[in-house]
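*Asks:* Sequence:
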Amino acid sequence: MTAASGIYVYGVVGSSHPLPPAVKGVGEPPAEIRLLPAGELAVVVSATHPGLRARRRDLMAHQGVLLALAESGPVLPMRFGMVAPDEATVLRDVAARQSEHTGVLERLDARVEMNVKIMPVQDNLAALIREDPVVRRVREETRRNPGYEANVRLGEAVAAGLRRRAAVTAARLPAEFAKAADEMRPGPEVEGCVLNASFLVRRRNEAHFRAIAEKFAADHLDRLELRLTGPLPCYSFVGPEPTLAKV
29 MTAASGIYVY GVVGSSHPLP PAVKGVGEPP AEIRLLPAGE LAVVVSATHP
79 GLRARRRDLM AHQGVLLALA ESGPVLPMRF GMVAPDEATV LRDVAARQSE
129 HTGVLERLDA RVEMNVKIMP VQDNLAALIR EDPVVRRVRE ETRRNPGYEA
179 NVRLGEAVAA GLRRRAAVTA ARLPAEFAKA ADEMRPGPEV EGCVLNASFL
229 VRRRNEAHFR AIAEKFAADH LDRLELRLTG PLPCYSFVGP EPTLAKV
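So that you can map any letter, position 208 of the sequence shown is 236 in my numbering, and since no number is skipped, the others follow by simple counting.
Some hints could be false.
[Unchecked claim] Below 25 Å or equal to it, Euclidean Cα-Cα: the simulated PhoX-like pairs (lysine-lysine) are: (1) LYS243 to LYS145; (2) LYS52 to LYS145; (3) LYS207 to LYS243.
[Unchecked claim] Estimated spans, in silico, between C-beta atoms of each pair: (4) GLU159 to ALA75: 51 to 61 Å; (5) ALA199 to PRO48: 36 to 46 Å; (6) ARG107 to GLU134: 19 to 29 Å; (7) GLY67 to GLN150: 17 to 27 Å; (8) GLU234 to GLU168: 41 to 51 Å; (9) ALA124 to ALA246: 23 to 33 Å; (10) GLY67 to PRO113: 13 to 23 Å; (11) ALA199 to ARG85: 32 to 42 Å; (12) GLU99 to ASP151: 36 to 46 Å; (13) GLU234 to PRO46: 40 to 50 Å; (14) GLY220 to GLU115: 37 to 47 Å; (15) ASP151 to GLY79: 18 to 28 Å; (16) ARG200 to ALA96: 32 to 42 Å; (17) VAL218 to PRO48: 23 to 33 Å.
Don't read these hints as lab results, they were simulated from the structure.
No experiment lies behind these values; they were computed from the predicted model shown.
Ideal placement from N, C-alpha and C gives every residue a C-beta, glycine not left out.
Between the sequences and the hints, there should be enough to build the whole structure, so can you do that?
*Replies:* As structure tokens, this is what we get:
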């Protein structure tokens with residue numbers, strides 16, 4: 029199935045969920061979004077168009093629809109690029125998983141996703157050498173037998189030591205967030221990161237969550253860099269997605 033025909037699917041909501049005013053969907057020109065009733069649920073859809081790709085404008089439009097919907101209640105979000113051939117396919121899939129979708133919507137009510145990524149920083153190398161016996165040993169070997177290969181080994185040892193140092197510190201973070209987040213889900217490995225995790229956070233706790241993240245980052249500036257992204261649609265907390273075609 030390509031994006032040349034069919035119905036573009038943004039997410040599933042309750043049947044009484046209002047559409048956000050003046051919010052447009054993917055495509056050029058941006059598509060009008062609409063609700064497709066499905067019993068006690070409804071599916072947020074729009075027309076799709078030829079050539080739909082993961083361009084920034086369309087990615088942001090997809091996410092913007094979901095975030096705007098979430099302002100009025102829980103949303104079970106679809107990943108970008110979910111396209112069904114027709115309304116009957118959408119309704120059949122939702123009907124087959126109605127109780128599952130309803131349970132997810134109840135769990136996501138008044139919650140958002142916050143993503144945290146942690147990277148090691150190239151800082152305080154003197155402390156790293158003091159604390160890390162592996163780095164200290166390789167450094168001493170390099171001093172005794174200097175040369176290109178020895179310098180390469182030292183560089184590799186320092187890089188690995190920086191990652192270990194950041195990872196040990198990052199391991200404390202989930203406990204720090206325990207009172208501000210309902211759930212944590214590890215994300216896929218990201219090059220350069222020692223931690224990539226998403227947290228399910230009640231909207232009323234978002235400021236508290238941010239404050240914890242900012243304090244943690246400030247307390248460990250010499251060990252790690254923390255990047256906080258959100259609020260996001262709760263992609264990481266919805267379980268398997270409906271079996272629709274994907275662009």
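*Asks:* All the hints need checking, so say for each whether the structure fits it.
*Replies:* Each hint tested on the structure:
{"no.": "1", "hint": "LYS243 to LYS145", "in the structure": "holds, 15 Å"}
{"no.": "2", "hint": "LYS52 to LYS145", "in the structure": "violated, 30 Å"}
{"no.": "3", "hint": "LYS207 to LYS243", "in the structure": "holds, 15 Å"}
{"no.": "4", "hint": "GLU159 to ALA75: 51 to 61 Å", "in the structure": "holds, 59 Å"}
{"no.": "5", "hint": "ALA199 to PRO48: 36 to 46 Å", "in the structure": "holds, 39 Å"}
{"no.": "6", "hint": "ARG107 to GLU134: 19 to 29 Å", "in the structure": "holds, 21 Å"}
{"no.": "7", "hint": "GLY67 to GLN150: 17 to 27 Å", "in the structure": "violated, 56 Å"}
{"no.": "8", "hint": "GLU234 to GLU168: 41 to 51 Å", "in the structure": "holds, 48 Å"}
{"no.": "9", "hint": "ALA124 to ALA246: 23 to 33 Å", "in the structure": "violated, 48 Å"}
{"no.": "10", "hint": "GLY67 to PRO113: 13 to 23 Å", "in the structure": "holds, 21 Å"}
{"no.": "11", "hint": "ALA199 to ARG85: 32 to 42 Å", "in the structure": "holds, 38 Å"}
{"no.": "12", "hint": "GLU99 to ASP151: 36 to 46 Å", "in the structure": "holds, 40 Å"}
{"no.": "13", "hint": "GLU234 to PRO46: 40 to 50 Å", "in the structure": "violated, 22 Å"}
{"no.": "14", "hint": "GLY220 to GLU115: 37 to 47 Å", "in the structure": "holds, 43 Å"}
{"no.": "15", "hint": "ASP151 to GLY79: 18 to 28 Å", "in the structure": "violated, 46 Å"}
{"no.": "16", "hint": "ARG200 to ALA96: 32 to 42 Å", "in the structure": "holds, 35 Å"}
{"no.": "17", "hint": "VAL218 to PRO48: 23 to 33 Å", "in the structure": "holds, 31 Å"}
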